[in-house]
Every structure is written in C-alpha cells, then in structure tokens.
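Q: Per the numbering used here, the first sequence runs over residues 1 to 228.
Hints in this document: simulated from the structure, not taken from any laboratory. Warning: the hint list may mix true and false statements.
Calculated lysine to aspartate or glutamate pairs in the EDC-like style (CA-CA distance at most 20 Å, straight line) [to be verified]:
1. K114 - E148
2. K77 - D149
3. K46 - D133
4. K127 - E169
5. K189 - E218
6. K114 - E54
7. K71 - E54
8. K114 - E218
9. K88 - D41
10. K127 - D40
11. K77 - E20
12. K114 - E89
13. K114 - E147
14. K184 - E195
15. K77 - E54
16. K184 - E169
17. K46 - D6
18. K71 - D6
19. K114 - E195
20. K77 - E158
21. K46 - E128
22. K77 - E218
23. K46 - E32
24. K77 - D165
25. K88 - E218
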Amino acid sequence: MFAAPDTPPATEAGLLSRAEGIAGRTLAYLAEGLGRPVPDDLMRHKGWVGQLVEAALGSTAGSAAGPDFPKLGIELKTIPIDANGVPKETTFVCTAPLTEIGTLPWRDSPVRAKLARVLWIPVQAHKEIPLADRRVGSPCIWSPDAEEDARLEADWNELSGLVADGFVESITAHRGHWLQIRPKAANRKQRTWGEDDEGDPIRTLPRGFYLRRSFTTELLARRFIVAR
DNA sequence: TTTTGATCATCC
DNA sequence: GGATGATCAAAA
C-alpha cells in the first residue's frame, strides 16, 4: 500500500522524485494510503483531487497562504486532462487584489509569484473513468521562460490596468491572451472591496486570475510526456 | 471570513 | 464543444 510521507520533501529533486513515484497510480490507491474516502463525484468535492495529491507528496501547507511547499518555493497544480491529454479546465492562479493592483508592476504581482515555480501534475479527468480509477500522470517542474513571462506580463499589464482604472465591473473573461479574470467566490452575492473609476471604494464580486486552457495545453504539449 | 483546492452549469 | 460566469468544500 502507498505510504504517504508525513513531512515535506527537503529538496526540489526530492519533491520531483516523490511525484514520479505516484505517476501511474490511481486516485483510489493514493486515497487508501492516506486513509481518505473517495467521493462519489466531484460535485461537492471540487478540490478533492488537488488536496489528495498535495497530501500524497507530503505538503503540510494546508490552506495557509503561500506556496504548497514553502521551503522550496514551489506551487503544486494538478491539471485535469481528457483522453487526449488536453486540459479540461482553466487553472486558477490567485485572487485579484482589486484595491492595490494599480500599485503592482508585473515583477511584484501575485500572478508572477505564484507561477515562478510550479509542479504540474496531470490527472485523468474524463467522465468515462470512475473517479477512483483515474490515474496520475508524469510530473513536470516548470518556470516561465522569457517568452512566456513576457506574454503573461502583457496580460497582467492589460488586466491590472483595467482594474486600476476602475473597470473591474465591466471586465469579462474574454480579456487577456493567456491570463483572464473571472469570478472567484462562493456565489454571485459575495462581495469584497474594489474601486470605481474615481478611485472610490465599492463593493464588488471577488475575482481571480486564471490561466486559459490554451496556455496549459501548449505547456503540456511542449514540456510533457503525458501518461495515457 | 479568507485562502486554499478547483469543477460545475449554462450559453454561445 | 468550448468558454464564461457561477459555484462548492476544507482548513485556519
């Protein structure tokens, strides 16, 4: 049976080694080793896969702010893939800091910080496979290359500029090539502080930055050998 | 309540 | 089918 580590890996190589160790395993196998039940579906357990893999790799960060592996400065992202190895969903990056976004150049942005070093782990997600039988794919540790960084910076500048100018209420997810801003909330009634075009405080729906599927699709195609 | 982990449901 | 807007749970 799978024995889950109870401490975080000491090095990046150690983390990658653990990730390679669970590649090819089913979610049920990992869940059993962790003593966690496998839910019937993800309807009311949307974060279950991500949290399972976190625990399987020895992350103790929980829901604390910051990277999943603080000592290593590495963020873990599971990525749901279809039968062809193509991502099925966008990837949440971070909450949009609506009131301070105008003061944050790309180099100081939470998006850049989150994506500085990411451990991507694809997980089968097509509905035809029961949740328990879905398998974990091969991992890849990634940092944006110069081109990716530049493109993300351009998106950040566009989107953060709109928010800073008070257009948060009219931004749609159509904006941005690789990054987009979408709601990130319990429901549509939730509110947080933002600013209107006069710089005055307003109550508005919390938003988050997400990576488009086109971005993660290219990432997988270029830097992964996807387990089928 | 906020931050974490995301996927669902609907419209085009 | 794919993208957008809406939504769900656990932990601290």
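Q: Run every hint past the structure and note whether it holds.
A: Okay, the hints, checked on the actual structure:
1. K114 - E148: Holds. K114 to E148 sits at ~14 Å (cutoff 20 Å).
2. K77 - D149: Given that 20 Å is the threshold and the Cα spacing comes to 18 Å, the pair holds.
3. K46 - D133: At roughly 17 Å apart (the allowed maximum being 20 Å), D133 and K46 satisfy the hint.
4. K127 - E169: Violated, at roughly 35 Å.
5. K189 - E218: With Cα atoms ~35 Å apart, K189 and E218 exceed 20 Å; violated.
6. K114 - E54: holds, 16 Å
7. K71 - E54: holds, 15 Å
8. K114 - E218: Holds, because 19 Å separates the two Cα atoms, which is no more than 20 Å.
9. K88 - D41: holds, 16 Å
10. K127 - D40: Satisfied, since the Cα-Cα distance of roughly 12 Å is no more than 20 Å.
11. K77 - E20: Satisfied, since the Cα-Cα distance of roughly 15 Å is no more than 20 Å.
12. K114 - E89: holds, 18 Å
13. K114 - E147: With a Cα-Cα distance of about 17 Å, the restraint between K114 and E147 holds, given a limit of 20 Å.
14. K184 - E195: Roughly 17 Å between the alpha carbons, so the hint for K184 and E195 holds.
15. K77 - E54: holds, 9 Å
16. K184 - E169: At roughly 14 Å apart (the allowed maximum being 20 Å), E169 and K184 satisfy the hint.
17. K46 - D6: Violated: K46 and D6 sit about 24 Å apart, past 20 Å.
18. K71 - D6: holds, 15 Å
19. K114 - E195: violated, 24 Å
20. K77 - E158: Distance ~25 Å between K77 and E158 Cα, so the pair is violated.
21. K46 - E128: holds, 17 Å
22. K77 - E218: holds, 16 Å
23. K46 - E32: Holds, because 19 Å separates the two Cα atoms, which is no more than 20 Å.
24. K77 - D165: violated, 31 Å
25. K88 - E218: Cα-Cα ~13 Å, so holds.
In terms of the numbered hints stated before, the structure departs from hints 4, 5, 17, 19, 20 and 24, listed from lowest to highest.
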